[in-house]
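Undergrad: Going down the list, the protein sequences come from chains B and H.
Start counting the first sequence at 64; every next residue gets the next number (the numbering used here).
Start counting the second sequence at 64; every next residue gets the next number (the numbering used here).
Keep in mind that the hints were calculated from the coordinates and are not lab data.
A few of these clues could be false.
The list makes no distinction among identical chains, and a pair is therefore deemed to hold if it is satisfied within one copy or across any two copies.
Restricting the straight-line Cα-Cα distance to at most 20 angstroms, the calculated cross-link-like pairs of lysine to aspartate or glutamate (EDC-like) are [unchecked claim]:
1) 272 <-> 229
2) 272 <-> 250
3) 170 <-> 74
4) 170 <-> 159
5) 272 <-> 234
6) 272 <-> 74
7) 170 <-> 65
8) 170 <-> 111
Chain by chain, the residues:
Protein chains: 2
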Amino acid sequence: MEIALLGGTGDIGEGLALRWAYDTDHEIVIGSREADRAAGKAEEYEVELDSRGVDVDIAGESNADAAAGADVIVLAVPAYHLADTIEAVVDDLADDAILVTPAVGMKRDEAGFHYNRPGVGSVTELAAEAAPEGVPVVGAFHNLPAGRLANLDADLGIDTAIVGDDGDAVETVTTLAEDIDGLRAVDAGPLANAAEIEAITPLLINVAKNNEGMHDLGVRFQ
Amino acid sequence: MEIALLGGTGDIGEGLALRWAYDTDHEIVIGSREADRAAGKAEEYEVELDSRGVDVDIAGESNADAAAGADVIVLAVPAYHLADTIEAVVDDLADDAILVTPAVGMKRDEAGFHYNRPGVGSVTELAAEAAPEGVPVVGAFHNLPAGRLANLDADLGIDTAIVGDDGDAVETVTTLAEDIDGLRAVDAGPLANAAEIEAITPLLINVAKNNEGMHDLGVRFQ
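Whole structure, please, built from the sequences with the hints as guidance.
TA: Spelled out as structure tokens, the structure:
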């Protein structure tokens, strides 16, 4: 399977790229608004993987080129770039392409971080609104600890809650998620259930900030 | 320490009463709007505990009588009864009494359960607004699986995130939470951070509903 990670130079994108390249045989393509930056990061990831005995080619391209032909496109960009990133790639999508959104909107005040819920209900639903008709959108990977994800020596032992309205697309993303060692995918139902997942991310930051010895947290439903 | 469980005849109240009575030497008082009902439930709990070799007296009283003199008062009532429950007990509170709120507001549609966030920010902050000046309110026990909590054979292995603006009160409630075997308390900061904790409860229900073999879920930050 070909997976494009748009915004794949950022923290969650980096972690997903490294984990999939390390744990699976999926083809990984890094996308960025600047193709050069994507290519540079892709090379960094190759070097990191090579140091662990994994010889793999990772392409780095513009977001549009990375998305073109990919089976699954992960929109690892900030929430406020979600709509324009989708717009930039939409003309070149393969038939049956699946868009995946891990983005969360947050705001911060003196108490801590808070979920910044968009009017449409969630950032995941914002992506679904921006996507063309017939292109399934799946919400996943919202609550992953970026640092641990990108550190291949770190155990995960955490969950990702997945939402989507297209059963086949949810199944594909669920399989991709569980291809990552130590990550368990749980089905949280339709896209309309995304807000409560997204809200966990600011809570994880607040908990890390207020408890000694806890940092870079994920979540487990048990 | 004397702990009053108002609404202690309901599911979370029952679980907390049984766990504290089983795992600790704290004095447990069950409160209900009807004293008879509270007394009946308290007797049930005594029988359950006695069957496990724990001989303990649990009182059952009206909410106001149960709250009077208690060190910690857990408002284990539905969100829409929070304000009137506080109003009913406030005149009889001991100096230094601490109010604890585990209530969450939810609504349901065809997609699943959703967090019903009150205008004031969270149900926890709703309790804080209803409490008299100088009486500390702590948010805790929002995401506990009621069935497992009340089943003393069941292992917990889960967390409760605690919020509060009064450091001493938070510390007291944290200790009480960790007195329960298998429950870990994590500090999520001030009361203003409560919404993201409360929102987990509907998500846990959605995950349980959509995944075979998962039910009565709690959460772990790790």
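Undergrad: So, for every hint listed, does it hold in this structure?
TA: Tested hints:
In this assembly of identical chains, residue 272 and residue 229 lie within 20 angstroms of each other by CA distance solely across copies; the values are 17 angstroms between and 37 angstroms within a copy. Proximity of residue 272 to residue 250 under the C-alpha cut-off of 20 angstroms is restricted to the inter-copy arrangement: shortest distance 9 angstroms between copies versus 29 angstroms within a copy. In this homomeric assembly, residue 170 and residue 74 come within 20 angstroms of each other (Cα to Cα) only inside a single copy, at 19 angstroms, whereas the closest approach across copies is 35 angstroms. Within a single copy, residue 170 and residue 159 get their C-alpha atoms no closer than 35 angstroms, and across copies no closer than 34 angstroms, so neither meets the 20 angstroms cut-off.
Taking the closest pair of Cα atoms, residue 272 and residue 234 come within 20 angstroms of each other only across two copies (17 angstroms); inside a single copy the shortest separation is 35 angstroms, beyond that limit. Taking the shortest alpha-carbon separations for residue 272 and residue 74, only the intra-copy value of 19 angstroms comes in at or below 20 angstroms, while the best inter-copy value is 32 angstroms. For the identical chains of this complex, residue 170 and residue 65 are neighbours neither inside a copy (34 angstroms) nor across copies (39 angstroms), given an alpha-carbon limit of 20 angstroms. Taking the shortest alpha-carbon separations for residue 170 and residue 111, neither the intra-copy value of 33 angstroms nor the inter-copy value of 47 angstroms comes in at or below 20 angstroms.
Against the hints set out earlier in the document, violations occur for numbers 4, 7, 8.
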